[in-house]
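Protein chains in written order, with the working numbering: chain A, 2 to 227; chain B, 263 to 492; chain C, 1302 to 1558.
For the record, the hints were derived by calculation from the structure and aren't laboratory data.
Errors might be hidden in some of the hints.
Said to hold, decoys possible - Cut-off 20 Å, straight-line C-alpha distance, at most; resulting in silico cross-link-like pairs (SDA-like, lysine to any residue):
| # | chain 1 | residue 1 | chain 2 | residue 2 |
| --- | --- | --- | --- | --- |
| 1 | B | Lys486 | C | His1510 |
| 2 | C | Lys1393 | B | Pro399 |
| 3 | B | Lys294 | A | Gly63 |
| 4 | C | Lys1447 | B | Arg405 |
| 5 | C | Lys1393 | B | Arg402 |
| 6 | C | Lys1389 | B | Ala400 |
| 7 | C | Lys1393 | B | Val393 |
| 8 | C | Lys1389 | B | Pro399 |
| 9 | C | Lys1447 | B | Gly488 |
| 10 | C | Lys1389 | B | Val393 |
| 11 | C | Lys1447 | B | Val393 |
| 12 | C | Lys1393 | B | Glu390 |
| 13 | C | Lys1389 | B | Glu390 |
| 14 | B | Lys486 | C | Lys1393 |
| 15 | B | Lys486 | C | Phe1448 |
| 16 | C | Lys1425 | B | Thr398 |
| 17 | C | Lys1447 | B | Pro490 |
| 18 | C | Lys1447 | B | Pro399 |
| 19 | C | Lys1393 | B | Pro490 |
| 20 | B | Lys486 | C | Pro1405 |
| 21 | C | Lys1389 | B | Thr389 |
Said to hold, decoys possible - Pulled from the structure, derived: some chain B residues nowhere near chain A, Cβ distances all over 10 Å:
| # | residue |
| --- | --- |
| 22 | Phe265 |
| 23 | Phe267 |
| 24 | Trp269 |
| 25 | Ala278 |
| 26 | Leu286 |
| 27 | Leu293 |
| 28 | Val347 |
| 29 | Ile381 |
| 30 | Val407 |
| 31 | Leu423 |
| 32 | Ser434 |
| 33 | Ala445 |
| 34 | Asn454 |
| 35 | Leu459 |
| 36 | Leu471 |
| 37 | Gly476 |
Glycine is no exception: its CB is placed at the ideal position from the N, C-alpha and C atoms.
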Amino acid sequence: MNDMTWLDYLPVLAQGAWVTVQLTFWSTILGAVVAFGAGLGKLSRSRILRGVCISYIEVFRGTSLLVQLFWLYFALPIVGEAIGFNLRMPPVTAGIVALTLNIGAYGAEVVRGAVQAVTVQQYEAARALNFTPRQTLWRVALPQALPEMMPTFDNLAVQNLKDTALVSLITLGDLAMRAEQLRNYTQDSATIYSMALVMYFGMALVLTTLMRALGAMIGRWRPARR
Amino acid sequence: MLFGFEWDTTNGWTLAVSILPILLLGLWVTLKATVLGFAIAMVLGLVLAALKAAPSRLVSWPARAVSEFLRDTPLLIQLFFLYYVLPEFGLVLPAFLTGAIALGLQYSAYLSEVYRAGIEAVPRGQTEAAVALNLTPARRFSRIVVPQAIPRIVPAMGNYLVSIMKDVPVLSVVTVLEMLNVATIIGDRTFNYLVPLTMVGGLYLIMTLLAAQGVRLLDRALPKTGIPLK
Amino acid sequence: MTDPIIKFENVAKRFGDIRVLEGLDFTVNRGEKVTIIGPSGSGKSTILRILMTLEDVSDGIVWVDGTPLWHEGAAGALKPAGEAHLHKMRTKLGMVFQSFNLFPHMSILRNITEAPVQVLGLSKPDARARAMDLLEMVGLADQAGKFPHQLSGGQQQRVAIARALAMRPEILLFDEPTSALDPELVGEVQEVIRKLAEEHDLTMLLVTHEMRFAREISDRVCFIDAGAIREQGPPEDLFTNPKEARTQQFLQAVLAD
């Protein structure tokens, strides 16, 4: 028996939502850093760097996020023991690391694609002006590639927000976890999960709005498109 | 012991060999869930796409909202919702079926967008030429638009098929014995998570590479002579 | 002598606030070859697109062969036409598009036979024979098995003309048929159209920017500006002795280069 109403659920779920926001924020930011590193690394002239980046991207895109999360949380400490390191991570760290590496691998392909989509003429112009490869990358290629990446990054960020729910499976107190706990306690599944869905949806809408604003800011030099 | 198979914990290698058949049984469940979820998504996606393209805003607007909602909320919560709430309405389904429906629902939203984009990418002049030749609306669609949309749609659909396969482990939370669930059970019982989880990762890698290759072959086999694909 | 097959009666076409056609009255007689010229955005193509049922009318009535195109029902109680009526009316019309619009997934032959088989119910051998005759006429019989992307723009447009003719229309509409072509390919397409104009009693309505060509093939040239016909007449008169100031300005501008 319980006489809790949806108003009583709200603070508990809001607490979880705040954890979800933080998880999304950090793993998206770090994921973007990883995406640029691995995406540009895949275009590197160094065969070793290229190989490392390709392997990373393929492994993390080719397996399931939940498998990655469980591996980092349950299996990695065993590897650590074998080689004499403590690789046991608290759930928050494991969650952020898994989300970051997963989204970073998808983002890397976006970065690579956008950089490669910059036209040959632009690279030729840069060479004619005697830019170094590094200057060409930072001053010519990336400024043109970045706005191209933004719509896909928007999708990836929302994907990441949704994926944070899986972190509850390694006992992290995010929105999904709080909803599950409340349900166990009250059995009021319909109300609780409806609220959780609406809260995730709301967060996704806010995130999309933010990403679109960011994209518009980054691409403001471009001619208006229809 | 699981599914009648014993494991040999002498060392990591013997364990790996002895649990491979068990994991493959889990993989079989994973593949079944993938195919069923994808089939549901294909059909529901078509319905959603049609509703979203409806001339009446009274139809298209709610359809768009539903599609956005399905796309922007986590599979895990949708799955819990179906699993715990449907029985309250007297609809008790096996966990596997509930899981496949959840996958199908989530991905129907993605596939509806794939259909829409594929059809919209066919230049308007094609439909106009079909009108000028007096083809009926049904023929305009089936003979002129669809054949040109399919080569645009199939590769994207293949990618979502692979995505569904990677989302199947989520079904483990409602007791579906797919590959990851099987692996964690083995881990729980043998106190060795490293071997089963690494094997699951490896099997996933093999499956996604095979699937990607399959999509590539299918794509190459599609008739698309002269159709300008970007 | 006058036997109107096309008649626009006080026709208007508006897109939101934009008035493309306004109070248009316009007649084409059976077998007549008429060219419509005018500045871009003047509504030239819209006239053809309305006739081909690609755009409806906002106001007024369009008659094709004595029947309202966009309306059905008794006079005085006309209501917007349904698809069945449009389907019937379209059998009288054919169109050649600026961008060819060949079906890229079909061979040249199939592009031409598809509609005769599906719409007219011709047998495949009959449709094929008809298509080969037409390909012969446009000088592309040897290309029948190829796909559109393997042909030059000029060849594609000649196929498009054959495709339209295969439906045996009474009226053939040409919407800037050479505008999308490289200059050296314009001639071969014009040659086909010229031959059609000379040898067939088909009614032809052509929108073009090629003034010399318009002059050669037309019985009558219409100058349209701001959504209505401003001046019309035999090409000798209109091109050498335009009466309206707007026509003079336009001709000066286009004939200068």
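task: Of all the hints given earlier, name the ones this structure violates by number, lowest first.
output: 1, 11, 14, 18, 19, 28, 32, 33, 34, 35, 36
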